[in-house]
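In order, the protein sequence lines correspond to chains G and E.
Residue numbers are given in our numbering: position 56 of the first sequence equals residue 56, and the series is strictly consecutive.
With the second sequence counted from 1, adding 180 to any position gets you our numbering.
One or more hints might be untrue.
What the hints assert, rightly or not - Pairs of lysine-lysine, DSS-like flavour, derived with a Cα cap of 27 Å: (1) G:Lys80 - E:Lys201; (2) G:Lys179 - G:Lys162; (3) G:Lys135 - G:Lys114; (4) G:Lys169 - E:Lys218; (5) E:Lys279 - E:Lys266; (6) E:Lys201 - G:Lys109; (7) G:Lys135 - G:Lys119; (8) G:Lys102 - E:Lys218; (9) G:Lys85 - E:Lys201; (10) E:Lys249 - G:Lys85; (11) E:Lys249 - G:Lys114; (12) G:Lys169 - G:Lys179; (13) E:Lys266 - G:Lys135; (14) E:Lys283 - G:Lys168; (15) E:Lys195 - G:Lys80; (16) E:Lys249 - G:Lys135; (17) G:Lys168 - G:Lys179; (18) G:Lys109 - G:Lys119; (19) E:Lys218 - E:Lys201; (20) G:Lys162 - G:Lys176; (21) E:Lys279 - G:Lys162; (22) G:Lys102 - G:Lys80; (23) E:Lys283 - G:Lys162; (24) G:Lys109 - G:Lys85; (25) G:Lys173 - G:Lys162; (26) G:Lys85 - E:Lys218; (27) G:Lys102 - G:Lys114; (28) G:Lys119 - E:Lys249.
What the hints assert, rightly or not - Covered, in the sense of this in silico footprint (three residues per stretch, anywhere, with C-beta under 8 Å from a C-beta of chain G), are these stretches of chain E: (29) 201-214; (30) 235-248; (31) 253-260; (32) 265-274.
Just so you know, these hints were derived from the structure itself, not from any lab.
Backbone N, C-alpha and C fix where the C-beta goes; we use that ideal spot for every residue, glycine too.
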Amino acid sequence: MAATGEEAAAMDSISKAPIPPSALNIKTDPDSRLENTSVEGVTESQPPVSKKGSNNNDGSVETAEEAVEPAEPDIDELCKDMFDKMAVFLQGELTATCEDYKLLENMNKLTSLKYMEMKDISINISRNLQDLNQKYASLQPYLDQINQIEEQVTALEQAAYKMDTYSKKLEAKFKKLEKR
Amino acid sequence: MASSDSQPRFGQSVKGLLSDKVGSCSGDVIALTRQVLKGSRSQELLSQAARNMVIQEDAILHSEDSLRKMSIITTHLQYQQEAIQKNVENSRNLQDQLKHLLK
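Let the sequences and hints guide you as you build the complete structure.
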């Protein structure tokens, strides 16, 4: 109840006067000045009089002092855990894109291997066809001879038909003469 | 990317505010990472590239089949050419015989 009244008073005072946006204000007391000049990783050489951060109500805004003693071990553990998990999460987010790139890289490698095989096959085919063309060119005189042979055979066939016709005529004449 | 609780919340303890701030900072880091990944459009471009590659694969396989068939046909042609070469050597004798016949 008292806290509510204090909070209402704090709200009223805040609405009337401008205050720094952060509620965590470092006090400018001599004690805190001594604390403020210390480094973040405070060693144990600090005088034991320094106090841990505590919540103070100075009537208008709740403030806290900077912690100068090492944090409790469980807080350290929790912070480490939190940062480790954040790192794992971010790593996972980035790994997805990396895996996509790796997939494309593998696909490209396989495709390039395939194209190399096709290139070898094409080179073989080209070489074989060139040899074949040369051999067919060397066969050309023989093919001309075959054409001549074909013409001669046609002529022979015609001659054979003529001879056949003539021999039939001759036979018919001979039979006629024999009947007389 | 701005945290949703940028307004100072009154009536909350320092510990609560601290934990909220830590939470909002981690949320901002995560949102930043996601925005960087989203802005680079790497996911869309890479998946599109993979899709195009898959479409092309069919054509590549077909081309490879055709080339292998061509190489087989070329080999057959070579065999035929060797058989023709062997047989046309007899045509010279044949031609001489026909010349004699037709004289």
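Here is what the structure says about each hint:
Distance hint between G:Lys80 and E:Lys201 is fulfilled; the C-alpha atoms sit about 17 Å from each other, no more than 27 Å. Note on G:Lys179 and G:Lys162: the hinted pairing holds, with a Cα-Cα distance of about 26 Å set against a maximum of 27 Å. At roughly 32 Å between alpha-carbon atoms, G:Lys135 and G:Lys114 are farther apart than 27 Å, so this suggested pair is violated. At roughly 104 Å between alpha-carbon atoms, G:Lys169 and E:Lys218 are farther apart than 27 Å, so this suggested pair is violated.
At most 27 Å may separate the alpha-carbon atoms for a hinted pair to count; E:Lys279 and E:Lys266 meet this at roughly 22 Å. About 48 Å separates the Cα atoms of E:Lys201 and G:Lys109, which puts this hinted pair outside 27 Å; it is violated. About 24 Å separates the Cα atoms of G:Lys135 and G:Lys119, which keeps this hinted pair within 27 Å; it holds. A threshold of 27 Å between alpha carbons decides the hint, and for G:Lys102 with E:Lys218 the separation of about 19 Å falls inside it, so the pair holds.
Distance check on the hinted pair: G:Lys85 and E:Lys201 sit about 18 Å apart at the alpha-carbon level, within 27 Å; holds. Straight-line distance between C-alpha atoms of E:Lys249 and G:Lys85 comes to about 57 Å, which puts the hinted pair past the 27 Å bound. The straight-line distance between the Cα atoms of E:Lys249 and G:Lys114 is roughly 16 Å, inside the 27 Å bound, and the hint therefore holds. At roughly 16 Å between alpha-carbon atoms, G:Lys169 and G:Lys179 fall within 27 Å of each other, so this suggested pair holds.
For a cut-off of 27 Å, the pair hint linking E:Lys266 to G:Lys135 stands: about 12 Å separates their Cα positions. Of the pairs offered as hints, the one joining E:Lys283 and G:Lys168 holds, with about 23 Å between alpha carbons and a cut-off of 27 Å not exceeded. A distance of roughly 18 Å separates the Cα atoms of E:Lys195 and G:Lys80; the hinted pair therefore holds under the 27 Å criterion. For the suggested pair E:Lys249 and G:Lys135, the alpha carbons sit about 22 Å apart, so the restraint of at most 27 Å is met.
Simply put, G:Lys168 and G:Lys179 have alpha-carbon atoms about 17 Å apart, close enough for the 27 Å limit, and the pair holds. Annotation: proposed proximity of G:Lys109 to G:Lys119 holds, straight-line Cα distance about 15 Å (limit 27 Å). For the hint linking E:Lys218 to E:Lys201, the alpha-carbon distance of about 25 Å falls within 27 Å, and the restraint holds. The straight-line distance between the Cα atoms of G:Lys162 and G:Lys176 is roughly 21 Å, inside the 27 Å bound, and the hint therefore holds.
A distance of roughly 19 Å separates the Cα atoms of E:Lys279 and G:Lys162; the hinted pair therefore holds under the 27 Å criterion. Restraint check: the Cα-Cα separation between G:Lys102 and G:Lys80 comes to about 31 Å, which exceeds 27 Å; the hinted pair is violated. Of the supplied pair hints, the one linking E:Lys283 and G:Lys162 holds, its CA atoms being roughly 16 Å apart against a limit of 27 Å. Simply put, G:Lys109 and G:Lys85 have alpha-carbon atoms about 35 Å apart, too far for the 27 Å limit, and the pair is violated.
Distance hint between G:Lys173 and G:Lys162 is fulfilled; the C-alpha atoms sit about 16 Å from each other, no more than 27 Å. Restraint check for G:Lys85 and E:Lys218: satisfied, since their Cα atoms lie roughly 22 Å apart, inside the 27 Å limit. In summary, the hint linking G:Lys102 to G:Lys114 is supported, as the alpha carbons are separated by about 18 Å, within the 27 Å threshold. With a C-alpha separation of about 14 Å, the suggested pairing of G:Lys119 with E:Lys249 holds against the 27 Å cut-off.
Coverage of the region 201-214 of chain E by chain G holds in this model, with 6 residues showing a Cβ closer than 8 Å to a Cβ of that chain against a need of three. Evaluation of the coverage hint for the region 235-248 of chain E: fulfilled, as 7 residues show C-beta separations to chain G shorter than 8 Å, against a requirement of three. As drawn, the region 253-260 of chain E meets chain G at 4 residues by the rule of a beta-carbon pair under 8 Å; at three or more, the given contact holds. Figure legend: the region 265-274 of chain E, annotated as covered by chain G; annotation consistent (6 residues with Cβ-Cβ distances under 8 Å, at least 3 required).
Hints 3, 4, 6, 10, 22, 24 from the earlier list are contradicted by this structure; the remaining hints agree with it.
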